[in-house]
Amino acid sequence: MFSAYLIHLLILVGIYLILAISLQLAVGFTGLLNLGHIAFYAIGAYISALLALAGWPWWICLLLAGTGAMLSGFLLALPTNKLKGDYLALATLGFTFVIYAITLNWTSLTRGPLGLPGIPKPSLFGFVFSDNFAFLILTAIITTISYFIIKRIVSSPFGKVLEAIRDDELATRVLGKNTFKMKTYALGISAFFAGIAGSLYAHYITFIDPSSFTLLQLIPVIAIVIIGGLASLRGTVIAAIILVLLPEPLRFIGFPSSVVGPARQIIYALLLLLILIYKPKGFYGKVELE
Amino acid sequence: MDKTTKIIAWVIVAVVIIGGVWYEISRKAEEHTNVLKVGVIIPLTGPVGPTGKDFLNGLMLAKEKINPSVELYIEDSQSNAKDGVTAAKKILDTQDVDMIISLQSAVVIPLLTLADEYNKPLLATAISQNEFTQKSKNAFRFFPSANQEAALAADFANKRGFKKISTITILDEYGVSMKEQFDKKFEGDIVQEENFTAADTDLRTILTKISNSDAIYFIGYIPQYISLFKQLKELGKDNVVISNLITISGSVRAEIGNLTNKIYATVPESALMSEKTKQFRKDYIEKYGEEPDWAAPFGYDTMFILDAVQKNEKKPIEALYNIKINGLNGNISFNGDREAFIPLSIVEIKNGQFVPYQG
Chain Y
1 MFSAYLIHLL
11 ILVGIYLILA
21 ISLQLAVGFT
31 GLLNLGHIAF
41 YAIGAYISAL
51 LALAGWPWWI
61 CLLLAGTGAM
71 LSGFLLALPT
81 NKLKGDYLAL
91 ATLGFTFVIY
101 AITLNWTSLT
111 RGPLGLPGIP
121 KPSLFGFVFS
131 DNFAFLILTA
141 IITTISYFII
151 KRIVSSPFGK
161 VLEAIRDDEL
171 ATRVLGKNTF
181 KMKTYALGIS
191 AFFAGIAGSL
201 YAHYITFIDP
211 SSFTLLQLIP
221 VIAIVIIGGL
231 ASLRGTVIAA
241 IILVLLPEPL
251 RFIGFPSSVV
261 GPARQIIYAL
271 LLLLILIYKP
281 KGFYGKVELE
Chain P
1001 MDKTTKIIAW
1011 VIVAVVIIGG
1021 VWYEISRKAE
1031 EHTNVLKVGV
1041 IIPLTGPVGP
1051 TGKDFLNGLM
1061 LAKEKINPSV
1071 ELYIEDSQSN
1081 AKDGVTAAKK
1091 ILDTQDVDMI
1101 ISLQSAVVIP
1111 LLTLADEYNK
1121 PLLATAISQN
1131 EFTQKSKNAF
1141 RFFPSANQEA
1151 ALAADFANKR
1161 GFKKISTITI
1171 LDEYGVSMKE
1181 QFDKKFEGDI
1191 VQEENFTAAD
1201 TDLRTILTKI
1211 SNSDAIYFIG
1221 YIPQYISLFK
1231 QLKELGKDNV
1241 VISNLITISG
1251 SVRAEIGNLT
1261 NKIYATVPES
1271 ALMSEKTKQF
1281 RKDYIEKYGE
1291 EPDWAAPFGY
1301 DTMFILDAVQ
1311 KNEKKPIEAL
1321 YNIKINGLNG
1331 NISFNGDREA
1341 FIPLSIVEIK
1351 NGQFVPYQG
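Top line first, the protein sequences correspond to chains Y and P.
The opening residue of the first sequence carries number 1 in my numbering; numbering runs sequentially from there.
The opening residue of the second sequence carries number 1001 in my numbering; numbering runs sequentially from there.
Treat the hints with care, since some could be wrong.
Here are a few chain Y residues that face chain P, going by a calculated C-beta distance under 10 angstroms [stated by the list, open to error]: (1) Ile149; (2) Arg152; (3) Thr206; (4) Gly261; (5) Gln265.
Below, computed lysine-lysine pairings styled on DSBU-like, alpha-carbon distance capped at 35 angstroms [as the list claims (entries may be wrong)]: (6) P:Lys1315 / Y:Lys121; (7) P:Lys1311 / Y:Lys121; (8) P:Lys1276 / P:Lys1137; (9) P:Lys1037 / P:Lys1233; (10) P:Lys1037 / P:Lys1278; (11) P:Lys1233 / P:Lys1276; (12) P:Lys1262 / P:Lys1209; (13) Y:Lys121 / P:Lys1314; (14) P:Lys1209 / Y:Lys279; (15) P:Lys1159 / P:Lys1262; (16) P:Lys1137 / Y:Lys121; (17) Y:Lys84 / Y:Lys279; (18) Y:Lys281 / P:Lys1082; (19) P:Lys1287 / P:Lys1311; (20) Y:Lys84 / P:Lys1314; (21) P:Lys1037 / P:Lys1137; (22) P:Lys1262 / P:Lys1230; (23) Y:Lys121 / Y:Lys151; (24) P:Lys1233 / P:Lys1185; (25) P:Lys1209 / P:Lys1184; (26) P:Lys1209 / P:Lys1137; (27) Y:Lys121 / P:Lys1135; (28) P:Lys1065 / P:Lys1276; (29) P:Lys1163 / P:Lys1137; (30) P:Lys1311 / P:Lys1082; (31) Y:Lys151 / P:Lys1082; (32) P:Lys1137 / Y:Lys286; (33) P:Lys1037 / Y:Lys121.
Rather than coming from a laboratory, the hints here were simulated on the basis of the structure.
Note that the structure is predicted; figures quoted are calculated from it, not measured.
For each residue, glycine too, the CB sits at the ideal point set by N, CA and C.
Isolated chain Y, as found in the complex (with noise of 0.2 angstroms):
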């Protein structure tokens, strides 16, 4: 009765990960406040989508999604790379903007505001994953390489000197380490995995449009990596289950209709607070965002 719900929130859970986790690799383990993440997401969706829509097979739309969002990830680090702190907060939430106005506008390839319909479903080999359960199967196994691609790295010298610039740039600089290379690295492996988690969001929910990538969507991505602890992958899975699943059973108060939208939005906030209440640093944060 509840299986077709439950997978797909489960797909939800999957897509928010990979996100989650590709952000933490730029906020929490590189230092780098990126609010430009939502905006590879989207790169990632609209190339998927058009390239789908073209007859490309889904395979090579999901590594080109991954490939332009990490172009992209490498260009924005050229501009930004000597900002630190609220400074790159403000030039990558630009970007967002920049990406958010390109998807609205290039109305002769995005089709603007009237958004891209009839995605089509992956397949690979012949066989589509036009049943949610497969296509759950499809995002566990992405989700599952990308929690340990980034845990390699992270776990790696690279991921070691990541932390050090986190920690102190200059440092690290006087010890002989190419920041600006690291720093740009860090960035386009995690625009890479924003935009799979982008392909998997167009193809799964088969319909997208600039709405889908505002602002708005990437503050419950922001608070599954601050909740679930800086440069803790751990925490972040953690966080990703809870944030996504955590409204749900609000759904089943039976409010009355008058205030059923904003009285579970209330609630969820609050038992968010809640969770920053007790947990400062998230849980299993290992360090303070400055």
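Since the structure of chain Y is provided, determine the placement of chain P on it from the hints.
Below, chain P without anything else, positioned relative to chain Y:
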């Protein structure tokens, strides 16, 4: 796991259990009923929240009035596709609803995929793009299409002999669809094209730029209409404005006040203040303490449509083709293309009142 983590975990578990138990209790009470079950997936929060709330108010007002044996399962789409789909999944999987009603194109279009998957009719409001009902046999539209609404406005402009028009339209599915159709049908020149987004309410820069045109064709939402009329007054501009059904919203009418501009709008019959509409408005103000906006009459009529579907012995999808109701929006029935033809008229607005345009 330390103490605070345990507390948090227990709070979450408690919410899940309480929610689950609550659901089970309410579900058991409903198990043996034999009524039309309808999933209502509308924006109650987010940018389109006020419109969704207005629609819901109209729906509940009619429910109270006719007391139909229809069960509504109301969910908030939060004005976005992801949450709209999640809400619909929940309703379709746990309540086994017979049909879905929804509004706002960004949510309605992805819901159509679900409606097809579950083979349930989807009755949609506030979606203008012409091809919507052609996408699926489950897609029913209870709203004027862009073709109908914008074409009437263009026809009016042609008959009035306007040669030069400036368009100011919102940059979303609604605005783009309407503008496309207006451009196609208007025989004069579009001398200036301006856009704004749903977040914009300061239209002064745009209005200052408008010149050398016989009229402005304006499409936006309630906040932009309020800004438009307020700022036209501030800037002392006396342009003729051609607008649409959103102008009938109570909050917009209040702003029009004693503007000297000539304002024309394409509106459904619900705006013409028949006895039925007057009574609706009176009941609405009595119940909610405010003027209804444009979506409330659609919500009100939707409940009559649901009542007619419930009373029909056929399946909801077949019943929808057969219903005939006399609602606030005129005589409503769905044609073979699943479109409810809503008769539209041109009204002139004088001192905040709608007067049928006499031509």
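Taking each numbered hint in turn, which are not upheld by the structure, reported in ascending numerical order?
1, 2, 7, 9, 14, 20, 26, 29 and 32
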